[in-house]
Amino acid sequence: MNTDVDLTKPVAQDVLLEARGLSKSFDAVQALRHADLVLERGKVTALLGDNGAGKSTLVRCLTGVHPPDTGTIAINGKAVHFATPDESRRAGIETVYQTLSLIDDLPVWQNLFLRRELTRGAGPLRILDKKAMRTQAKEILTELDVNIPSVASTVRRMSGGQRQSIAIARAAHWGKQLVVMDEPTAALGVRETAAVESLVRRLRDRGVTVLLISHDMSQVKRIADVAVVLRRGTTVARREVDSVTPDDLVALITGAQPGDAGE
Amino acid sequence: MGEAVARYAAPIALVALFVVFFIATPKFLTTSNMTALFVSAAILVVMSMGQQLVITVAGIDLSVGSNLPWAATVIGWTWTHGWGTPAAIAAGILAGLVVGLVNGLLVARLKMADFIVTLGSLSVVSGLTLLLTGGNQTAVSSGFLQGLALNGIGPIRWFWLVAVVVAAIAAYLLFWTRTGTYLLSTGGNLEAARDVGIPVNRVRLLAYAGSGLACGIAGVLFVSNNGGSDPTMQTNLLLSSIAAVVLGGSSLSGGRASILGTAAGAVLLQTLLNGFTLLDISQYYQPIAVGVVVLGAAFISRFQR
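These protein sequence lines are chains A and B, in that order. Following my numbering, the numbering of the first sequence begins with 1 at its first residue and continues without gaps. Following my numbering, the numbering of the second sequence begins with 1 at its first residue and continues without gaps.
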């Protein structure tokens, strides 16, 4: 692949994450071929591509689910190697999967602190600090303007949009570097989609870096700053969202419009 | 409204049952009968706490049906072989724990279906129990164990204390520790628990080990109460332990637990047997009554969520 064409032109901005030449094969299928991705700090980057273009595989490389076969990933200029999701999480990357990873029968505050429980006391008598977690959960949600009747209610009682918002708030709170969202509004109605989109905008206003997988071009226009397009496992284009139309993005995805490598 | 009823079904039903038996016979609400009722309920309460842990992680432990006689028989065998009371008790508890650990390893590490694993170990362990003493009963005339069954602190019997302490430990573990959160999460949504980094296999192993441990402790109470062990003993404790948990409002699909509910469920089942005996109702009706109660609990649980 043509690597001397700089697809990603790190527009001299503050680069949070830089992935270069990522390749990944599953048996005979090459899911990624020298894919590149540069994420600017504090921006919402949309990752676009048709089904099978390698979006999910690229994300899984960043989150440690599938370490890449070749290629480098650097965060703040330092090379990192994630062999497990835990390592990626420790580096400050949080992912909101489509399944949301919420426990329905646990209250909202417990979901926000899942696997990061606050405790008091020591040794075997260390107990959950429920009060502190409840208070902080309220603060986390208030800060992000997430409207939940009570943090003590179980997640089961929440609407689809509320659940999505809780999952995003959790990721944004713990994801000190990057929040990855996999089609966050795919299962939502119009009003709930709008609420989640404004939450993503608020995250950006607070300086959170977001990588957004979406199939909805008008949504990308509404909330993303930069769009990166994958085709057959390769990064073919990077566009400032303001400079393109949804039709341009679709054409880049399908190949009707050639990418930057000038195929 | 329906939800509150479902949530407190076991305590409510327990009170209702007490009223019914109180009206039906003057022999029911007497000090001696209450003492006997709660002493015999203690064994089921302890076992049900173990079953509660397993059901919380969306599993089921069928092996408790033979794990209790197994633990009791190990106590009998070691005691008759001159191990002394403390060592025999330790051996019995350990024997129960080992069965739980093996179940847990097969389910969590080898990804075998919990139902099949514990059904298999139910059979294997009952065979081991028969082999250990050649199918013979063993008498254990340990002063300490007899005292455990008959004495206490003032009017508080040791058996009650054991049951309360075991239930308190289970409640502490489930609702006040990280481990408890992981037990509830693993049972509530295995995929999500794995996604957020909870060590689901270790958590499930722990639940089965806890159930085995509870069977070991129940085995000590059993030997204490019966003065020995009987390897051919057929108990209804398997169904009753599951029934107590379901009556208590926990879902068999996991993720929800209620220690108060499970304890109330266990006492309720014991009260049913006690009341029937007092009223001279044929014991053949007892399994029917237990079964109907369980089906009723399953019906009520439809209103939960």
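Keep in mind that the hints were calculated from the coordinates and are not lab data. One or more of the hints may lead you astray.
Stretch-level coverage of chain A by chain B, calculated; a stretch enters the list once three of its residues show a Cβ under 8 Å from a Cβ in chain B [claimed, not checked]:
1) 79-89
2) 97-107
3) 111-119
4) 124-134
Sample of chain B residues at the chain A side, in silico, Cβ under 7 Å [what the hints assert, rightly or not]:
5) G188
6) G197
7) G255
8) R256
9) D280
10) F299
11) R302
Yeah, the Cβ is synthetic: ideal placement off N, Cα and C, and Gly gets one too.
Now for the hints, and whether the structure bears them out:
Given as covered by chain B, the segment 79-89 of chain A passes the check, having 3 residues with a CB less than 8 Å from a CB of that chain where 3 are the minimum. With 9 residues having a Cβ less than 8 Å from any Cβ of chain B, the segment 97-107 of chain A passes the three-residue criterion, so the hint holds. Remark: the segment 111-119 of chain A is confirmed as covered by chain B, as 4 of its residues place a Cβ nearer than 8 Å to a Cβ of that chain, reaching the required three. Only when three residues or more bring their CB closer than 8 Å to a CB of chain B does the claim for the segment 124-134 of chain A stand; here the count is 3, and the claim holds.
With its C-beta approaching chain A no nearer than about 4 Å, G188/B sits inside the 7 Å limit, and its interface hint holds. A least Cβ separation of about 5 Å between G197/B and chain A falls short of the 7 Å threshold, and the interface hint therefore holds. At about 4 Å, the closest approach between the beta carbon of G255/B and any beta carbon in chain A falls short of 7 Å, and the interface hint on this residue holds. With a least beta-carbon distance of about 5 Å to chain A, the hint placing R256/B at the interface is held under the 7 Å criterion.
Checking D280/B against chain A: minimum C-beta separation of about 44 Å lies over 7 Å; hint violated. Taken as an interface hint, F299/B does not check out: its beta carbon lies about 20 Å from the nearest beta carbon of chain A, beyond 7 Å. A distance limit of 7 Å between C-beta atoms decides the matter here; for R302/B the minimum to chain A is near 15 Å, and the interface restraint is violated.
The structure shown violates the earlier hints numbered 9, 10, 11.
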